[in-house]
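Q: Sequence:
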Amino acid sequence: MWQRAVNLYHEVKNSKDIASRQPDKKRQVILAAILYILCRQNGLPRTFSEFCQHASVTKKDIGGFYRILTPILDPQGLCARPVLAENFMKRWCNELKLPDAIFEKAVEVYKRAEDLSLTSGKCPTSVSSAVLYFVCTEPGVAPIASQQTYDSRDFATAAGVTNATLHTSLKALMLHREQLLPED
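Residue 66 in my numbering is what sits at position 66 of the sequence shown, and the numbering runs on without skipping anything.
Among the hints, a few may not be true.
In silico lysine-lysine, DSS-like type, Cα no more than 27 Å apart, as pairs [to be verified]:
# : residue 1 : residue 2
1 : Lys90     : Lys26
2 : Lys97     : Lys60
3 : Lys60     : Lys111
4 : Lys111    : Lys90
5 : Lys60     : Lys122
6 : Lys90     : Lys122
7 : Lys59     : Lys90
8 : Lys171    : Lys97
It should be emphasised that the hints constitute simulated quantities derived from the structure, not laboratory data.
Produce the complete structure using the sequences and hints provided.
A: Here it is as structure tokens:
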């Protein structure tokens with residue numbers, strides 16, 4: 001994918017939309033935006049924050065080039081489709097070495113949260129990380145999880161959110177705890 005991004009960079013750097021924006025000085029930002037687009041096209045869930053961290057650039061810069069490059073590199077609109085929270089949660093479960101049963105319960109709880117409009121206007125990564133933590137720590141939700149202790153910081157780190165953000169989302173979920181719990 002990296003080689004494809006480099007090839008696309010060389011193709012677009014002379015386009016009229018990019019040439020006026022100092023593409024040689026902003027190579028890092030343009031490559032990060034191209035990689036983000038390629039990840040979205042290939043169904044790989046990644047956030048702007050992850051690219052910012054690895055490329056040492058700002059969200060504003062990547063976002064600007066993302067808006068410019070999307071019509072050029074993605075005329076079919078594949079990037080316009082929202083990334084599903086399940087895709088992020090699956091990746092985080094793998095990263096945290098959580099069993100598939102926890103992932104399945106987390107997806108179920110997330111869908112209930114969506115039905116209750118608890119996710120409207122919220123960042124999907126924040127809510128998803130809170131749902132995963134909720135499933136792992138709430139007694140009786142995932143019996144396999146209750147055998148271990150979990151630290152919210154691990155979930156926040158995996159999701160790329162702050163611990164405070166995770167807890168803010170968790171508080172909103174806890175207000176609707178009874179409605180979110182799976183019926184088994």
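Q: Each hint: holds or not?
A: How the hints compare with the structure:
1. For the hint pairing Lys90 with Lys26, the CA-to-CA distance comes to about 33 Å; that exceeds 27 Å, so the pair is violated.
2. Our distance criterion of 27 Å between C-alpha atoms is broken by Lys97 and Lys60, whose separation comes to about 33 Å.
3. Taken as a hint, the Lys60 and Lys111 pair is broken in the structure, with Cα atoms around 31 Å apart against an allowance of 27 Å.
4. Restraint check for Lys111 and Lys90: satisfied, since their Cα atoms lie roughly 14 Å apart, inside the 27 Å limit.
5. In summary, the hint linking Lys60 to Lys122 is supported, as the alpha carbons are separated by about 19 Å, within the 27 Å threshold.
6. Restraint check: the Cα-Cα separation between Lys90 and Lys122 comes to about 19 Å, which is no more than 27 Å; the hinted pair holds.
7. Between Lys59 and Lys90, the direct Cα distance comes to roughly 24 Å. Compliance with the 27 Å bound is thereby established for this hinted pair.
8. For a cut-off of 27 Å, the pair hint linking Lys171 to Lys97 stands: about 25 Å separates their Cα positions.
The structure is inconsistent with the numbered hints 1, 2 and 3, although it conforms to all the rest.
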